[in-house]
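Residue numbers (this note's numbering), protein chains in the order written: chain P, 108 to 431; chain W, 352 to 721.
None of these hints come from the bench; they were simulated from the model.
Where a beta carbon is used, it is the ideal one built from N, C-alpha and C, also for glycine.
Be aware that one or more of the hints could be misleading.
Per the computed footprint, the stretches of chain W lying under chain P, defined by three or more beta-carbons under 8 Å from a beta-carbon of chain P, are [to be verified]:
#, stretch
1, 458 to 467
2, 550 to 563
Which residues of chain W face chain P? A partial, calculated answer using Cβ under 10 Å [as the list claims (entries may be wrong)]:
#, residue
3, 397
4, 400
5, 401
6, 686
7, 690
Facing chain P, according to a computed beta carbon distance under 7 Å, are these residues of chain W, among others [said to hold, decoys possible]:
#, residue
8, 396
9, 398
10, 425
11, 428
12, 575
13, 689
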Amino acid sequence: MASRLRPRLLLALSLLLAACAPAPGASESSATASPSSPSATPEAATSYPLTLTDDAGREVTIAADPERIASLAPSNTEIACALGSCDQLVGVTDYDDYPPEVADVEKVVVFAQVDVEKVVAAEPDLVLAAGNELTPTAVIDQLSDLGMTVVVLYPESLDEVYANVELLGVALDEQAAATELVDGMRARVQAAEEAVAGAERPRTFYEVSIFEGTIYTAGEGSFIASLIETAGGEPITGGALSTSIALEDLVAADPELILLGDAAYDPTVTAESVAARPGWGEMTAVRDGRIQPMLEDPLITRPGPRIVDGLEALARAIQPDRFD
Amino acid sequence: MRAAAAPSVTTRPLIGGPTLTRAALVLGGGTLLLGVVVVVAVAMGSVGVGLGDTAAILGRRLLGLPLTESWAPSAETIIFELRLPRVLTAMLVGGGLALAGTVFQALLRNPLADPYVIGTAAGASLGAVLGIVAPLLLPGLAIGAASAWLGLGIVQLLAFVGGLGTVLLVYAVARGTGGTPVVTLLLVGYAISSILAAGIALLMFASGRALGAIFGWLMGSLTGASWVDLAFAAPLLALSFIFLLARWRRLNVLLLGDAQASHLGVEVEREKLGLTMLATLATSAAVAISGTIGFVGLVVPHLLRLVIGPDHRLLLPASLLFGAALLVVADLGARLAGGIPVGIITALIGAPFFIWLLRRSRAIRPVPSP
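Throw the hints in and build the complete structure from the sequences for me.
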């Protein structure tokens with residue numbers, strides 16, 4: 108039972124994390140920080156107290172340079188560590204697997220449930236939550252009511268990932284590291300864009316999961332859909348909220364390439380098993396044999412610094428000729 | 352019943368009612384049990400706080416004892432802001448559901464009646480699900496402001512209104528010309544619940560990312576318990592407790608059937624409406640702050656009836672005490688098991704015990720016998 112439950116939870120998580128529509132209020136405005144001292148420039152040291160607006164549209168004031176950070180999502184952990192603040196982490200989730208040194212940090216989120224007692228006991232001076240109900244709104248409210256400084260990060264595009272890195276750079280007084288990280292990410296994204304530029308864009312279907320006949324994919328306007336576009340594909344999307352697509356709509360959309368994100372968690376999902384599904388045989392991708400497991404799904408669905416690795420993996424899968 | 356007309360029989364006043372010692376044993380034992388489980392539940396959790404520190408924190412915050420802080424500030428937050436309100440919420444919700452269940456089982460003369468049976472669950476769930484989904488679908492909604500004014504979450508507010516409103520609707524629809532037959536009430540409750548359930552399913556289908564939050568609420572959970580929620584629900588629950596406990600005699604008479612009760616001078620229709628509304632008030636207030644926790648309201652009344660008999664003079668306060676104790680224990684189990692929904696625990700520990708008791712007891716009396 109547990110072995111069946113766990114991949115499904117992972118799927119549900121990645122589905123929640125990446126395959127959904129833009130969060131209202133967060134989509135149009137990526138997070139912004141305005142240091143309380145008007146003289147502060149982007150490259151300067153942060154002056155505290157610092158007031159910023161997070162991805163949930165909340166105004167948060169950080170009193171002093173945070174020394175103890177609790178991260179409630181793996182993507183937040185990865186950003187904090189990439190900025191050199193890994194040793195300040197006092198709480199992470201049980202899904203955290205990168206970088207390896209976070210393995211020893213206290214797990215304050217277990218099976219996608221925030222253990223509020225453990226968060227409080229870790230005595231963090233900054234809590235990094237995730238948006239879109241990944242960290243339930245009720246928990247964010249509860250932690251704030253207890254007087255904690257909670258910043259919600261929920262990037263839904265590459266630009267918003269950059270904005271989140273820069274926001275944390277200001278919040279953690281690691282602005283130089285943030286600038287360097289974002290510059291590096293931008294350069295690699297640009298290189299991938301140049302590599303696929305001008306190529307024929309295959310209609311690409313990304314399977315997030317399939318459960319009892321319901322096919323879950325990238326929702327309309329979702330992060331995954333935008334990544335597929337950047338990687339040189341034409342995404343076939345499902346409903347913005349439900350993130351599911353009916354089989355007949357999928358057949359009508361006729362994908363030229365099928366990418367199997369769920370193959371990263373479920374070994375029974377293979378090119379052969381997909382080709383053998385009733386009704387799938389007529390799709391161009393199946394006839395041409397362009398069905399590919401995406402074992403990089405954890406990178407594609409985790410909006411941290413390594414999303415660039417995920418993007419590059421997508422680009423190689425979608426435009427293999429450009430990466431010989 | 353004739354005994355009631357003979358005042359000389361004072362020790363057994365009504366339908367084989369409780370003797371003083373039996374009442375003292377049941378209610379005293381229940382109070383003691385509740386006290387013990389509350390202390391244990393506050394002292395235990397996923398983070399260890401020493402028993403001494405726990406007692407000292409409570410002594411300082413509740414009794415104002417001049418104790419010096421020898422504990423971490425986080426320990427005080429955990430005990431006083433997280434565990435204590437949560438345990439008290441479990442206590443009130445468990446007591447409220449068991450009491451309401453007892454009332455509904457007697458009122459509807461139906462062994463499968465629980466506090467949710469005539470629409471409270473469906474109505475409250477639809478309200479809560481709307482409260483969870485609406486901010487995602489329609490940002491910047493005005494209802495947020497109304498509930499913030501009450502200091503309550505929009506989910507709690509809509510759940511409360513939904514539960515109460517649905518029962519009013521069911522009652523209005525079921526009300527025929529010559530009264531409200533029990534069967535009609537149940538059937539109308541079922542029909543309206545079905546309509547609302549369709550709405551819930553539709554919203555769940557469209558909810559996408561909020562599905563986890565909805566699921567947690569429907570399973571029943573005390574995760575978000577706070578003093579604010581408690582301040583809203585506690586007075587409503589206390590009020591319904593007092594009025595329901597005072598009506599034990601009328602409940603006993605109603606067990607005889609509408610006609611009999613009417614002959615005995617009870618205004619049946621008025622009583623039924625009053626009892627329904629009081630029990631619904633308790634249920635809705637409980638559900639608003641905890642979600643639909645199953646099992647407690649259905650089985651605690653049966654358990655107690657098997658052990659102490661059907662007289663509501665003892666049954667009502669006993670269901671309050673033992674329902675409260677059961678949910679406090681179940682919620683402690685849920686917390687220690689990593690925050691799983693408490694409804695899972697109540698069914699998992701409660702149902703086998705119930706089956707054992709059913710098999711053990713010689714005379715199975717699942718229905719309140721007239």
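Right, here's what the structure says about each hint:
no.: 1; hint: 458 to 467; verdict: violated (count 0)
no.: 2; hint: 550 to 563; verdict: holds (count 7)
no.: 3; hint: 397; verdict: holds, 5 Å
no.: 4; hint: 400; verdict: holds, 9 Å
no.: 5; hint: 401; verdict: violated, 13 Å
no.: 6; hint: 686; verdict: holds, 8 Å
no.: 7; hint: 690; verdict: holds, 4 Å
no.: 8; hint: 396; verdict: holds, 5 Å
no.: 9; hint: 398; verdict: holds, 4 Å
no.: 10; hint: 425; verdict: holds, 5 Å
no.: 11; hint: 428; verdict: holds, 5 Å
no.: 12; hint: 575; verdict: holds, 4 Å
no.: 13; hint: 689; verdict: holds, 5 Å
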